[in-house]
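Heads up: the sequence lines are chains H and Z, in that order. For the first sequence, counting from 1, position 186 maps to 186 in our numbering; every step adds exactly one. For the second sequence, counting from 1, position 215 maps to 215 in our numbering; every step adds exactly one.
Calculated from the structure, these hints are not laboratory results. Keep in mind that a hint or two might mislead.
[To be verified] Quick list of in silico lysine-lysine cross-link-like pairs, BS3-like style, CA-CA up to 30 Å:
hint: 1; chain 1: Z; residue 1: K146; chain 2: H; residue 2: K80
hint: 2; chain 1: H; residue 1: K66; chain 2: Z; residue 2: K52
hint: 3; chain 1: H; residue 1: K27; chain 2: H; residue 2: K201
[Unchecked claim] Derived coverage of chain H by chain Z (criterion: at least 3 residues anywhere in the stretch with Cβ under 8 Å from a Cβ of chain Z; other residues may be distant):
hint: 4; region: 50-61
hint: 5; region: 70-78
hint: 6; region: 100-113
We put the beta carbon where it would ideally sit given N, CA and C, even for glycine.
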Amino acid sequence: MKIIWMMALLLLTHVGMAQEVDADLMKIKKRLDAVQRFTATVVLDLDVPFIRMPTKTAQMHYEKGKQTRFSSDDFVMLPKRGLDFSFDELFKYPFITVDRGMETRSGQSLKVVHVIPSDNRAELALATLYLDIINQRIMQSEINTRKEGSYTLSMHYAKPSDILPNRVEATFAVERLKIPFNFMGKDTQIDRQQLKSTDKKTGAIKIQIKDYKF
Amino acid sequence: MKTLVWAEIVKLMKQSKTYYALGAVFLIECLIFITAYYQGSAILDVLLDSLKQSFYFEGTLLNGNLILYIVLNGLWFNVPLIIMIITSGILTDEYKDGTIQTTLLQAVDKGSFIGAKYVVAIGFTLFVIAFMMVSSGILAYTIFGKGDLVVYLQTLNFFPAADAFQRIGWAFASGAVAMLFYSVVSMTLAVWIKEAAKTWIASALFLIITNLLLKLDLGIAIANHFFFPKLMDTWQAFFYHEIDWGLVWLNNTILLGYGVCLIGLGVWTFRKQDIG
Numbered sequence: 001m002k003i004i005w006m007m008a009l010l011l012l013t014h015v016g017m018a019q020e021v022d023a024d025l026m027k028i029k030k031r032l033d034a035v036q037r038f039t040a041t042v043v044l045d046l047d048v049p050f051i052r053m054p055t056k057t058a059q060m061h062y063e064k065g066k067q068t069r070f071s072s073d074d075f076v077m078l079p080k081r082g083l084d085f086s087f088d089e090l091f092k093y094p095f096i097t098v099d100r101g102m103e104t105r106s107g108q109s110l111k112v113v114h115v116i117p118s119d120n121r122a123e124l125a126l127a128t129l130y131l132d133i134i135n136q137r138i139m140q141s142e143i144n145t146r147k148e149g150s151y152t153l154s155m156h157y158a159k160p161s162d163i164l165p166n167r168v169e170a171t172f173a174v175e176r177l178k179i180p181f182n183f184m185g186k187d188t189q190i191d192r193q194q195l196k197s198t199d200k201k202t203g204a205i206k207i208q209i210k211d212y213k214f
Numbered sequence: 001m002k003t004l005v006w007a008e009i010v011k012l013m014k015q016s017k018t019y020y021a022l023g024a025v026f027l028i029e030c031l032i033f034i035t036a037y038y039q040g041s042a043i044l045d046v047l048l049d050s051l052k053q054s055f056y057f058e059g060t061l062l063n064g065n066l067i068l069y070i071v072l073n074g075l076w077f078n079v080p081l082i083i084m085i086i087t088s089g090i091l092t093d094e095y096k097d098g099t100i101q102t103t104l105l106q107a108v109d110k111g112s113f114i115g116a117k118y119v120v121a122i123g124f125t126l127f128v129i130a131f132m133m134v135s136s137g138i139l140a141y142t143i144f145g146k147g148d149l150v151v152y153l154q155t156l157n158f159f160p161a162a163d164a165f166q167r168i169g170w171a172f173a174s175g176a177v178a179m180l181f182y183s184v185v186s187m188t189l190a191v192w193i194k195e196a197a198k199t200w201i202a203s204a205l206f207l208i209i210t211n212l213l214l215k216l217d218l219g220i221a222i223a224n225h226f227f228f229p230k231l232m233d234t235w236q237a238f239f240y241h242e243i244d245w246g247l248v249w250l251n252n253t254i255l256l257g258y259g260v261c262l263i264g265l266g267v268w269t270f271r272k273q274d275i276g
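Required output: the full structure, derived from the provided sequences and hints.
Now the structure itself:
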C-alpha cells in the first residue's frame, strides 16, 4: 500500500518529467546491455541471524534474457533477490524515471533516480538507483517488488571502467524459521520471548565476484 | 590379572550371545538407515521450507553426514540396552552356571576376578562403538556420499563435509563415554543382583529413567552439571556452531568419574559378598 502511495505521489509531482527516461540511466543501460554473457566465481558470505553458514564458493553463469545459473560442489544458499547485477529484471519491461537530484553517499556524489515499471507484468514495483554518472554505473539500489518484499544492493567495482561489480552487498527480509519441536535436539532450550518476536528478520549476503570470463 | 582378562575375552568370544549382540547392533543400524533416509528428506523439507521464499538452494543436503547424524540420534537408546545385556551377562552367567565358585575356590583374588570382568566389559563396549562407527560410516558414505551437514540446534548450523566428518567422529567418541558408563552400571547391578533376568530389568529401567530425566531441570546450574542424565547428551555439543570444548571435557570427566566410583563400589561389594 505504501509503495502504491509513493508511486502515485511521484507520478503526480513529476508528471511533466516522468515521460522521459533519464539520459544518464540510459547510458548505463546501454553499457549493461553490451554484456551478453559471462561466467564468474562468486564467494558468498551469508549473514542471517539464525543461520550459521561458512563461506561458500560457486560458479555463476549469466546469459542475457535467461535465468542466471549457479553451480557448486558444495551446498549453497543464494538469495532469490540481489544477484541480478545486470539489472535485467528492472529493464525487462518499459519504465519511466523520476530524477530525485544528487546525493552524497560514502563521500561520492551520486545521482538518485526512481525507476517505475509501467507494465503490469513487471515484478518490480519501484527501484531507487544511485548512479555514478562520471563512471556510468549503478552504485546502489533499493528495490521494492510486488510480491517478494524489498531489498537493497550496494556495489563496489575493481576499476573505474568496470560496469560489473567485484563486490556486492545485498540486504533483504527473510522469514524466521519455524521448526517443529520434534526436530529440535533433546536438550535444546526454547526461548519463548524469541519465538514470539517478529516473524521477519533482515538478512545480508556479501558477494565477491572474481574471474569474470566473457 | 592379565591371564584373567584374557580368559574373560576368550569366554566372551566363545559365547554365541556376543555375535547375536553385534548382529543386533548392525540390524538396528540398518533399520535406522532406512528410516533416516525418509526422515532425512522430511527434516530437510521442514528445516528449509520457510527459507524457500527467500533463497534458492544449489546442491543436496541429504548425504552420508546427515544420515550419520540421524543414526547418532537413534543409536544412543537402543545400543546401550544390548551393551548392558552382554556386559552384565559376563558376571551373571558365572552365577547361573556355578563357575564362579569353581574359579574362586582356586588361588584367584576376588578383586582381580571382578576387575578383569570390568576391564572386558569396557573393552567390549569400546569395540561395539568402534564397530558401529566404522560400519555406519562405510554404509552412509557408500550409499549417500559426502556433503555439507545441516543441524538445527538453536540456530541452523551448516558444516562443510570435512568438518562434519570430524564432528561426527568426536560425537562417537563422546557417545562412547556414555556407553562406558552404562556398561559399568550394568556390571555393578550384576554384582548386586546376581540373577541375569533381574539385572536386565534393572538395567533397562535405569536406561529408561536416565532418558526420561534428560530434560529435567534441577534449577541450579551446578546441580545440572553433575546430574548424570544431563551428561549423556554431551555428544550433541559437537553440532553447535562453536564447540564448547570446556563443557565437553567437564561433562565427560564427570561421567568417567562416576564410572570409576561405580567400579570401586562394585569391586568393594563383590569382595565383601559371599561367593554362593
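Now for the hints, and whether the structure bears them out:
With a CA separation close to 26 Å, the supplied pair K146(Z) and K80(H) stays within the 30 Å bound. Distance restraint check for K66(H) and K52(Z): the Cα-Cα separation of roughly 21 Å lies within the 30 Å cut-off, and the hinted pair is therefore satisfied. At roughly 36 Å between alpha-carbon atoms, K27(H) and K201(H) are farther apart than 30 Å, so this suggested pair is violated. Coverage of the region 50-61 of chain H by chain Z holds [criterion: at least 3 residues with CB-CB distance below 8 Å; count 6].
Under the rule that three or more residues need a Cβ within less than 8 Å of chain Z, the assignment of the region 70-78 of chain H holds, with 9 such residues. With 0 residues bearing a CB less than 8 Å from a CB of chain Z, the region 100-113 of chain H misses the requirement of three and the coverage assertion fails.
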